[in-house]
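Chain by chain, the residues:
2 protein chains.
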Amino acid sequence: MSRFEPNLRIPGPTALPPSVREAGGRQMVNHRGDEFRAMLRRVEAGMKPYFGTEHEVILLTCAGTGALEAAVVNVLSPGDPVLSVSMGAFGDRFAKVAEVYGAAVTRLEVEWGEAAVASDVRVAAAAIPGLRAVLLTHNETSTGVTNRIGELAAAIREVAPDALLLVDAISALGAVPFAMDEWGLDLVVTGSQKAWMAAPGMAMAAVGPRAWAAAESARMPRFYLDLKRHRDSAVNGETPWTPAVAVLYQIDEGLRLMQAEGDGVFARHEACANMVRAGLRALGFALLAGDSVASRTVTAARVPEGLDWKSFNAEVKARGLVLAGGQGKLKGKIFRVGHLGSVTTDDVLAAIGVLEEVAILQGLEVQPGVAVTAAQRALVATRTRQAVPA
Amino acid sequence: MSRFEPNLRIPGPTALPPSVREAGGRQMVNHRGDEFRAMLRRVEAGMKPYFGTEHEVILLTCAGTGALEAAVVNVLSPGDPVLSVSMGAFGDRFAKVAEVYGAAVTRLEVEWGEAAVASDVRVAAAAIPGLRAVLLTHNETSTGVTNRIGELAAAIREVAPDALLLVDAISALGAVPFAMDEWGLDLVVTGSQKAWMAAPGMAMAAVGPRAWAAAESARMPRFYLDLKRHRDSAVNGETPWTPAVAVLYQIDEGLRLMQAEGDGVFARHEACANMVRAGLRALGFALLAGDSVASRTVTAARVPEGLDWKSFNAEVKARGLVLAGGQGKLKGKIFRVGHLGSVTTDDVLAAIGVLEEVAILQGLEVQPGVAVTAAQRALVATRTRQAVPA
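Respectively, the protein sequence lines represent chains A and B. Numbering of the first sequence is given in our numbering, commencing with residue 96 and proceeding in unit increments. Numbering of the second sequence is given in our numbering, commencing with residue 96 and proceeding in unit increments.
Isolated chain A (complex conformation):
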């Protein structure tokens, strides 16, 4: 054992800071009372700068997948031509939701580990007559790749100005700058257990005016995830159905911590991501994503040929470090390190230290200190760069 509390390095749920844990243990209040109303309004308002929006942020009691469903069913009708731009398991899931509800989905499949290319997306969008919506993934949790959503949105707008842009921003929003309104996005969703440092159970959807207009005529059936019902209740500081009150306590506290940290949140995620990448590389692990498209919240590395991953991971786990495996077609081929939410550079250095120790003990040819040195160098280099005014 290298610590008394696990180093939870999965891409959500993320570890909760002490004050967020305390918030989760608070007593219930009336969800139709003034105390709750003030909190709901504070959270809605506090979320907006992270989305980069002036529009409504709707709080839903569900997992991120519920928010993906909300994004689809509130603005689309069966038969609507939809382009899905998928670069991994969660992009595929988004497309699947649209198909289940009867959309006519065309899939643009991006190689897992790569980001979508704007010109490819433009061509694919231009090829679909009457294109109603494009499903985009901001940060693909299964591969550790972040799309340049602004560029993709601009490319789509050139050829399909009326298409709705629906964005899964679940696993990086809050950890990196985002500009929903500037990029012309219509509906963007995220989840409480990611950058927000809260337990899972709530999802947040920012909804722009074109999406609200689309909701007026959208014929996919919806009730529990009906955004309009939520907007109508939000006017009174309420949710239409009983919300996950304790999760909201935690989101409220997590936001307070994020606001206090300011832009430091983004800088911290950048430093942690760079440390993870440098440390893993120093250990000889090949990273799935190239530097230019690498996620700042989750990093995927290939399991080397010949390495007994089960035995390796058991040793890692015994030291308190919890990693995530691969998903979908990458199951067994990669492992993932989550570095989002409450992640600190201390956590990351400790994680790299454990990986290095286990690698050496398992016979990999690594000199003690190589990986932690690489991580430390990446930290200092990032901090030095960050300290220089742009």
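Simulated from the structure, these hints should not be mistaken for lab results. Do not take every clue at face value.
Just so you know, same-sequence chains aren't split out, so a pair can sit in one copy or run between any two.
To be verified - Under the rule of at most 25 Å between Cα atoms (straight-line distance), these lysine-lysine pairs were calculated in the PhoX-like manner:
hint, residue 1, residue 2
1, 191, 323
2, 191, 424
3, 424, 412
4, 323, 426
5, 323, 143
6, 426, 412
7, 405, 428
Following the hints, put chain B in place on chain A, whose structure we already have.
Structure of chain B alone, referenced to chain A:
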């Protein structure tokens, strides 16, 4: 102020016992790890006796309304003939969900404040050719009435043996005996923030073999609330989407407390309900539900003509007692007292004491001690009766 923590007497969310609060503040774990798997399996198994079922209990991350939607969309197809037996706002909501998803709903409307009559339900069911499902409410939270579900189910079975029986048992399951399998119910749902003493955010659905069979051919679209996907994941001790981990911690702890209390849980709810009814009557409030159909988890009383409810309730609230108002067509006409979950006879006596104090101060003709005496007598009478072996 009569206390330092509000006496949260709304019908959910309910106040959390200290150890449940502590559970809500625990650190996150990997929801694909062994610790979580053990907890999910423990909760699923622990729930079954309260449902009175040997069949699967599925844990969903959503409010009770999400569970109502799950009950509908997993077993029905658009156009299916459905009978809705509604005796209040939540029965109406159940019917609305089925309508939104395209069921052909016939409504049997029961007067709000009364229970469904078996012979009426039998006649209504017999009149619908090819009846596919009946939507029943076990305990109507908006009126404080509990249906005799076993009798209603038997009556329906006589005339429509193949109809699926879908039951909203959200607000009383766990607080009163229930026998899903014995009564031949197909799908029964409840929610974490009711008798289970946990925060809101998860719902539980018990699903019988006829419902699973129906799910094979049901054509209403579903993804997030797909029960089959949940069953497939549950085999591995997982949920298909990230669950509300902290709410599950609390359900797990709440169940532990309930198991330790045994049948005392039912006895306590009976005693509290009787105390509330006796106390309110002694204050001159007319109860909405008759004794024979009265809920053991929530009591609705009419706001007397001439009483300024806003001013009355403000005084009540200033003393820490939090009541619920009316819903739907009873808004402004009734108030409701919740007595479920962690409710104790101490809490109820305190609530009646505050209501009595405020009633007197507001000029109602009540002698000090009348209401608390009535509540105390009801307590002793109930406890005496409970102590006598059946």
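Right, here's what the structure says about each hint:
Taking the shortest alpha-carbon separations for residue 191 and residue 323, both the intra-copy value of 23 Å and the inter-copy value of 16 Å come in at or below 25 Å. With identical chains, the CA atoms of residue 191 and residue 424 are at most 25 Å apart within one copy only, with a shortest distance of 16 Å there and 40 Å across copies. In this homomeric assembly, residue 424 and residue 412 come within 25 Å of each other (Cα to Cα) only inside a single copy, at 24 Å, whereas the closest approach across copies is 57 Å. Proximity of residue 323 and residue 426 under a CA criterion of 25 Å is satisfied inter-copy only: 22 Å between copies versus 38 Å inside one chain copy.
With identical chains, the CA atoms of residue 323 and residue 143 are at most 25 Å apart within one copy only, with a shortest distance of 18 Å there and 36 Å across copies. In this homomeric assembly, residue 426 and residue 412 come within 25 Å of each other (Cα to Cα) only inside a single copy, at 18 Å, whereas the closest approach across copies is 55 Å. Taking CA atoms no more than 25 Å apart as the test, residue 405 paired with residue 428 passes inside one copy only; the shortest distance there is 12 Å, against 64 Å between copies.
Every hint from the earlier list agrees with this structure, and none is contradicted.
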